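Participant: If you want the building blocks of each chain, they are given just below.
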Amino acid sequence: MAKTSNTVPKVRKNDNCAYIMILPAYLVFTIFILVPIGIVIYYSVTNFNLYSAPEFVGMKNYLTMFRDADFLISVKNTLLYTLCTLFPQLFLGLMLAVMLYRKSKLIPIFRTAFYLPNVMSMVCMSMVWLWIYDPTFGLLNSVLKYFGFSVKQWLQDPKMAMFCVVFMSIWKSCGYSMVIFLSGLTSIPDSLYEAASLDGAGGLKKFLYITWPMLRPTTFFLLVTGIVNSFSVFEQINIMTAGGPLNKTTTIVHQIYRRGFLEFKMGYASALSVMLLLFSILITVLVFRFGSRGQDVDVS
Amino acid sequence: MKKKKVNHILWIIFMSALTVFMLIPIIMMITTAVKPIEEIRSAVFHLLPQNFTLNNFTDAMRAGTWNIFFRNSLFITLAAVVFSLLFNSIAGYAFARLTFRGSKVLFMFLLIGLMMPPQVTMLPTFLIMAKFPMMGGNSLFGAGGTGMINTYAGLVIPLVAGSFGVFLCKQFYENFPRSLDEAAEIDGTNKWQTYFIIYLPNSKAILATLGLLKGVSVWNDYLWPLVMTNSEDMKTVQLALTMFKTDGYIQWGQMMAASVLVVMPMILLFLCAQKYFVQGIVTSGLK
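Residue numbers (the UniProt record's numbering), protein chains in the order written: chain A, 1 to 300; chain B, 1 to 287.
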């Protein structure tokens, strides 16, 4: 076997076994991600209802969408949820990270505690918060009563329901941002802070002129992934409010689920899915264009 | 440096308070699980149970076939983790180390999966599973039967797809020293042997990280099992939890007890393998 020739081949040969190596992963990816994207676009222009053959209806589903009050509300709710969850969550994550960025034996304990909600299932945590928000037996109203305030309806109150879901989601995910920000912080060279100290900069100035600009790529990453995640919010909605009261918490994915799997309007639900895809692409592109400005912080 | 010490103590107090605040919901879950029903439904609220009881646990487990639910969840999680690790790491190796025509384009395509909310393809994926040829009584053209609905295959296979896994493995293998490959080549191994003898045994760190992330997400998944199953026998623990919530009436004690049991494996896993978790989150965040 050991016929090691001394001539190095000029042109690298094509490793044909590579195709077989990527085959399993690529097959699953193609069947369950690429092909479905095509199918969902195709069904979105049909009136498919799961039982009869799909019939081409042109743009009818898309036109219906803009007269569908439930869908329009769900878009508004999804945007509201994204705005109200993402920014406080990023801010809290950053604050926690900054507070934990020091030397102490207690750091792992705090870090674990803040991150813990994130490894627990959304279903369990929704259940727990459902209980906390319960108007008669819940923790929140018990505390309010104890201090002599009037009790609230929380999730049953159309004005408050969305913010209750938002609060719970922030609580669950701020630990994730914290861990990412912490790793961003560790990659900032100490020399920068030392130089700033020599120039007489205080804590706040150091944060504004060193920490914040240096964390830009981290923030950017969290922003993009956070938007895609928030756009597909479903589990906590379905469990805590089922879209109610008065459709105040219904979201795009909740509408897709309802139209598709409860009402079997597959064609229409496909059109909604395509809209979700377009929204996500649009926002991601916008964030990329906007966020890539001033990306280059010059540090040597 | 007295001021520094005072500052440090203040910091500890503040962070501890914050920790307790963050953990309140989790503490509530545990304390409610061990409270008797009368206490949960009493007008006076106590944080800690006045009468400790485990009845909620036994009642909750008796309320459904929980041994089946746990078995389903465990099986689905393990299968998804094993297959996704194998498929994705070998693909990652091919993309990182082998030269083949179209590798750049194929890899770019794969990245689509990173940018898209998975719910977009939920509907068509469900239909593909329902119409899968030669499965669940389906004909060659996917008609007649129920396809992969209510089967383990239907629950597991779509979850094996992982652009993220391939991406991360590729990054990881690119940092391997080239001399390893060259040494292997001199010894006369082919690419498969190089992967299985050299790369795979040396990728414990990345596999542990990916496996944990995948495992947690599959165990905690709610939407896909909700869509794919409708029989009691195929329910996962996350779906089963909703049994305590029927219109207008919620069995708080039993629900919290069951939640504790469902959450426990993930907490233990997290506490034991924290290092890999943090590493995984960090590497995924700083690509």
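In case anyone wonders, no lab produced these hints; they're calculated from the structure.
The structure displayed is predicted, hence computed values, not measured ones.
Even glycine gets a Cβ: it sits at the ideal position worked out from N, Cα and C.
Mixed in with the good hints, there may be bad ones.
Listed next, with one range per pair, are the computed distances between beta-carbon atoms [claimed, not checked]:
no.: 1; chain 1: A; residue 1: E194; chain 2: B; residue 2: L111; range: 53 to 61 Å
no.: 2; chain 1: B; residue 1: I197; chain 2: A; residue 2: G58; range: 53 to 61 Å
no.: 3; chain 1: B; residue 1: L200; chain 2: A; residue 2: L192; range: 53 to 61 Å
no.: 4; chain 1: A; residue 1: K145; chain 2: B; residue 2: G248; range: 16 to 24 Å
no.: 5; chain 1: B; residue 1: V6; chain 2: A; residue 2: L246; range: 49 to 57 Å
no.: 6; chain 1: A; residue 1: K60; chain 2: B; residue 2: G248; range: 36 to 44 Å
no.: 7; chain 1: B; residue 1: V6; chain 2: A; residue 2: I188; range: 20 to 28 Å
no.: 8; chain 1: A; residue 1: G58; chain 2: B; residue 2: C272; range: 51 to 59 Å
no.: 9; chain 1: A; residue 1: V35; chain 2: B; residue 2: N51; range: 26 to 34 Å
no.: 10; chain 1: B; residue 1: G102; chain 2: A; residue 2: F290; range: 28 to 36 Å
Below, a list of computed lysine-lysine pairs in the DSSO-like style, where the Cα atoms sit at most 30 Å apart [as the list claims (entries may be wrong)]:
no.: 11; chain 1: B; residue 1: K245; chain 2: A; residue 2: K145
no.: 12; chain 1: A; residue 1: K105; chain 2: B; residue 2: K5
no.: 13; chain 1: A; residue 1: K206; chain 2: B; residue 2: K245
Participant: All the hints need checking, so say for each whether the structure fits it.
Facilitator: Quick rundown of the hints versus the structure:
1. E194(A) with L111(B): 53 to 61 Å: Given about 39 Å between the Cβ atoms, the range is violated.
2. I197(B) with G58(A): 53 to 61 Å: holds (57 Å)
3. L200(B) with L192(A): 53 to 61 Å: Violated, at about 40 Å.
4. K145(A) with G248(B): 16 to 24 Å: holds (22 Å)
5. V6(B) with L246(A): 49 to 57 Å: At roughly 52 Å between Cβ atoms, L246(A) and V6(B) fall inside 49 to 57 Å, so the hint holds.
6. K60(A) with G248(B): 36 to 44 Å: holds (38 Å)
7. V6(B) with I188(A): 20 to 28 Å: Since the Cβ atoms of V6(B) and I188(A) sit about 27 Å apart, the hinted range of 20 to 28 Å holds.
8. G58(A) with C272(B): 51 to 59 Å: Given range 51 to 59 Å: holds, Cβ gap about 56 Å.
9. V35(A) with N51(B): 26 to 34 Å: About 57 Å separates the Cβ atoms of V35(A) and N51(B), which means 26 to 34 Å is violated.
10. G102(B) with F290(A): 28 to 36 Å: 33 Å Cβ-Cβ, so the 28 to 36 Å window holds.
11. K245(B) with K145(A): Holds, at about 26 Å.
12. K105(A) with K5(B): holds (15 Å)
13. K206(A) with K245(B): Roughly 51 Å between the alpha carbons, so the hint for K206(A) and K245(B) is violated.
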